[in-house]
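**Q** Please arrange chain B on chain A, whose structure you already have, making use of the hints.
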Amino acid sequence: MSHVLVLVDAPEGELRKSTLELLTLARRFGRPAAVVFHEAKTATVEQLGRFGAETVYVVDDPAVRDFLVAPKVDALAQIAGGLLESGDLAGVLTGSSPDAKDVAARLALRLGSGVVTDAVDVEAGDDGQPVAVQSVFAASYVVRSRFTTGVPVIAVKPNAVTPEEAPVQPAVEQVQVSLTDLAKSARITSRTPREASGRPELTDASVVVSGGRGLGGAEAFALIERVADQLGGAVGASRAAVDAGWYPHSHQIGQTGKTVSPQLYLAAGISGAIQHRAGMQTSKTVVVVNKDPDAPILELADFSVVGDLHEVLPQLSQEIDRRRS
Amino acid sequence: MLRVVTLVKYTPDPTGDVGFADDGTVDRGAVDGQLSELDEYAAEQALRLAEAAGDAEITYLTMGPADAVGALRKALAMGGDRGVHILDDALHGSDVIATSRVLAAALSRLDYDIVLCGMASTDAGTGVTPALLAERLGVPQLTYAQRLTLKDRTVQIERETDVAVETVEAALPAVVSVTDRSGEARYPSFKGIMAAKKKPVETWSLADLKVPGDEVGLAAAGSATVSATKRPPRVAGPKIVDEGEGGVALADFLAAQKFI
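Top line first, the protein sequences correspond to chains A and B.
Residue 921 is where the first sequence starts when you use the working numbering, and the numbers rise one by one after that.
Residue -9 is where the second sequence starts when you use the working numbering, and the numbers rise one by one after that.
Calculated from the structure, these hints are not laboratory results.
Hints are not guaranteed to be accurate.
[As the list claims (entries may be wrong)] 25 Å max Cα-Cα, derived SDA-like pairs, lysine to any residue: (1) B:K220 / A:V1062; (2) A:K1104 / B:R137; (3) A:K1211 / B:R224; (4) B:K248 / A:L1151; (5) B:K188 / B:A58; (6) A:K961 / A:V978; (7) A:K1104 / B:D101; (8) A:K1211 / B:K188; (9) A:K1204 / B:A58; (10) A:K937 / A:S1017.
[What the hints assert, rightly or not] To list a few chain B residues with every Cβ distance to chain A over 10 Å, as calculated: (11) V8; (12) Q24; (13) R38; (14) G44; (15) A80; (16) D103; (17) P178; (18) K181; (19) I183; (20) M184; (21) K189; (22) A241.
[Unchecked claim] Part of the chain A face toward chain B, derived, beta carbon under 7 Å: (23) K1021; (24) D1022; (25) R1026; (26) G1034; (27) T1068; (28) S1098; (29) L1102; (30) T1109; (31) F1141; (32) W1166.
All C-beta atoms, glycine included, are put in the ideal place defined by N, C-alpha and C.
The following block holds chain A by itself, in its conformation from the complex (with noise of 0.2 Å):
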């Protein structure tokens, strides 16, 4: 089998869970070759590893951090060119972070690739070409595709699949990367880190407590905050929170903010429009609490409580904590 490139997404050099899923989807049509944007350390290394990584190339080049997406590109082509030349690539697996789908777009372009965008899995065809899955349409459709042109570029969301360990010893392969002027042409000037929360990642989270209009401020979402962190989630919001300024837009769930797919989505004082129900409809289990027995977000609840908030998070906490003391 050939290598499928596995770009990994680890601003911080951390790896992520969704790297892993990656790796494990790789080993479905292919041998899985990471490829890592900073300087790659033992741990890397051999956790890469131990989910099936056979190599790890490695682009330590400060333009990567220096400019916007253009770089990534260059290396990613130039390796895969290297692989494309004695017919060893099978596909390209990226995240489906806004930067990640570029880079997969613009390198598909330039190996003359189809590309897939927002997939839910990565199925193997009978013929051992990938098939990408899709959930569109606020997740009312799931359409399969395969590939007619080039080697297929998949921009996968996270937890597409549970990561399975398979373990290897990589390879570590430093890649030198010349770069086009192009690729320099737009400079981050400028970043500010976001401060940690201690909570887990939205996207990557298994639980993710929510909050919108209902909860009337933004002191509010100390309740959320609170169910948030006895039941080990992740906190999001819906725009209409964001828009008030309760809590910060890198927490918006929905079509212009993050999508999510958690074992538990718990909905509290989100009406639940469109643009809302497009980022969380995936998620396996949906509880809701809302005042308004007619909000379109009780149709996919599998259990919901019509009531106020107010009264019905702190009961829900008191209740945990009684139930773990």
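**A** Just chain B, lined up with the frame of chain A:
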């Protein structure tokens, strides 16, 4: 003069029951179309840039079937000068790679300093068209701007990623995409709607752009739909009305599902 080209797309109303035609493409006849909501933010930023520059020209560019001209008219009602509609039956079913080829060919025919796009369409929603255009045109990409400023010939944006807020700068010409946080889009005035009817809209074919018809469209797409299956609607579970014990009932459910 600052030459701004704003890309707009005519998409099915996302609150409608959007589905697929027999050939696996989006069924654009089943649901009413509209200017993609996310493109209104690009139109708004174009108008603000033009207002700040004084001497500017705004062209809206769209590609799509005959009724896609509706996107141009709506944007022109907000403001701006003219529209270009790429209309050709051979475009039906084009993937994002082919779409970027056709749009890039049209942009090369237009003069531009800055190309403005929404962050994604509200139908296919890949969000990668701006990046593909930057790649094809050989100009910088500044994507997902929540703030956009232009000073002399330098464009600066602020954008937010998972882990940081970034500022990105590049010299014009450039491709910029803006998010729904870049600034509320204005409503067309009655005067604007009337004026839009008189603004020039040109129609270009693939022949005008010198793009061979057999290199775009469904048959030339880099991926092919194997199946499109409607997901069964979620069936709502128990709904209880809180009479003082709602939180306890919720805890019971979560415990039964092993979340507690």
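**Q** If a hint holds in the structure, say so; if it doesn't, say that too.
**A** Against the structure, the hints come out as follows:
1. B:K220 / A:V1062: Roughly 6 Å separates the two Cα atoms, so the pair holds.
2. A:K1104 / B:R137: Answer holds: K1104 (chain A) to R137 (chain B) is near 21 Å, not above 25 Å.
3. A:K1211 / B:R224: With a Cα-Cα distance of about 21 Å, the restraint between K1211 (chain A) and R224 (chain B) holds, given a limit of 25 Å.
4. B:K248 / A:L1151: 11 Å, holds
5. B:K188 / B:A58: Between K188 (chain B) and A58 (chain B) the Cα gap is close to 17 Å, so the pair holds against 25 Å.
6. A:K961 / A:V978: Answer holds: K961 (chain A) to V978 (chain A) is near 10 Å, not above 25 Å.
7. A:K1104 / B:D101: 23 Å, holds
8. A:K1211 / B:K188: 49 Å, violated
9. A:K1204 / B:A58: Given that 25 Å is the threshold and the Cα spacing comes to 37 Å, the pair is violated.
10. A:K937 / A:S1017: With a Cα-Cα distance of about 14 Å, the restraint between K937 (chain A) and S1017 (chain A) holds, given a limit of 25 Å.
11. V8: 5 Å, violated
12. Q24: 14 Å, holds
13. R38: 19 Å, holds
14. G44: 26 Å, holds
15. A80: Fine: 17 Å to the nearest Cβ keeps A80 (chain B) off the interface.
16. D103: Its Cβ never comes within 10 Å of chain A, the nearest being 15 Å, so this holds.
17. P178: At about 22 Å from chain A, P178 (chain B) clears the 10 Å cut-off, so the statement holds.
18. K181: Since the minimum Cβ distance to chain A is about 29 Å, K181 (chain B) lies beyond 10 Å and the statement holds.
19. I183: 26 Å, holds
20. M184: With a cut-off of 10 Å, M184 (chain B) remains clear of chain A, as the shortest Cβ separation is near 31 Å.
21. K189: 29 Å, holds
22. A241: Given that some Cβ of chain A is not farther than 10 Å from that of A241 (chain B), nearest at about 4 Å, it is violated.
23. K1021: Where the cut-off is 7 Å and the nearest Cβ of chain B is about 5 Å from K1021 (chain A), the hint holds.
24. D1022: Since chain B brings a Cβ to about 4 Å from D1022 (chain A), closer than 7 Å, the hint holds.
25. R1026: 4 Å, holds
26. G1034: Since the shortest Cβ distance to chain B is 2 Å, the answer is holds.
27. T1068: Interface hint status for T1068 (chain A): holds (5 Å vs cutoff 7 Å).
28. S1098: 17 Å, violated
29. L1102: 6 Å, holds
30. T1109: 5 Å, holds
31. F1141: 18 Å, violated
32. W1166: 15 Å, violated
Hint violations for this structure: numbers 8, 9, 11, 22, 28, 31 and 32, all remaining hints satisfied.
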